[in-house]
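Chemist: Sequence:
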Amino acid sequence: MNAVSAAVPPPLSLPSQLEQNPAAAKVVERWTPQGPNHVLYEATIEDPSVYTQPWKISFPLYRRVDPNVQLIEFNCVPFVEQLLYDPLGLYFPPGTRPDGE
894 MNAVSAAVPP
904 PLSLPSQLEQ
914 NPAAAKVVER
924 WTPQGPNHVL
934 YEATIEDPSV
944 YTQPWKISFP
954 LYRRVDPNVQ
964 LIEFNCVPFV
974 EQLLYDPLGL
984 YFPPGTRPDG
994 E
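One rule links them: number in my numbering = place in the sequence shown (from 1) + 893.
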């Protein structure tokens, strides 16, 4: 299955440069079945206003088939980025990064 996205919406977790001019961005995603329990995911991102050439990512997605598999709930902690990165001196609130982003 192929999916092509143009004018990528800002909530997508792509590099912030794509959010500057989402109309120029094009994302092609492919899901290729590799067997009954896994799929190969591939994505190609093109944005001539940001990148000199398209870039690609791919990885397999596996379905857990263990008889005792359990889904564990993830507790999202508010401000988790600040809790993790502030002690390391790596947390910058939005708009305060030294590189201007």
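Just so you know, these hints were derived from the structure itself, not from any lab.
Treat the hints with caution; some may be incorrect.
Quick list of in silico lysine to aspartate or glutamate cross-link-like pairs, EDC-like style, CA-CA up to 20 Å [to be verified]:
# : residue 1 : residue 2
1 : Lys949    : Asp959
2 : Lys919    : Glu939
3 : Lys949    : Glu966
4 : Lys949    : Glu935
5 : Lys919    : Glu935
Simulated restraints on C-beta separations [said to hold, decoys possible]:
#  : residue 1 : residue 2 : range
6  : Pro960    : Pro926    : 33 to 43 Å
7  : Pro929    : Leu964    : 29 to 39 Å
8  : Thr989    : Gly928    : 25 to 35 Å
9  : Asp959    : Gln927    : 16 to 26 Å
10 : Pro929    : Pro987    : 40 to 50 Å
11 : Thr925    : Phe967    : 21 to 31 Å
12 : Pro926    : Asp959    : 13 to 23 Å
13 : Arg923    : Leu981    : 30 to 40 Å
14 : Val970    : Arg990    : 38 to 48 Å
15 : Arg956    : Lys919    : 38 to 48 Å
16 : Pro991    : Trp948    : 37 to 47 Å
17 : Ile965    : His931    : 39 to 49 Å
18 : Thr925    : Leu981    : 14 to 24 Å
19 : Leu976    : Pro947    : 17 to 27 Å
Ideal placement from N, C-alpha and C gives every residue a C-beta, glycine not left out.
Chemist: When the hints from earlier in the document are held up against this structure, which numbers fail?
Modeler: 1, 3, 6, 7, 8, 14, 15, 16, 17, 18, 19
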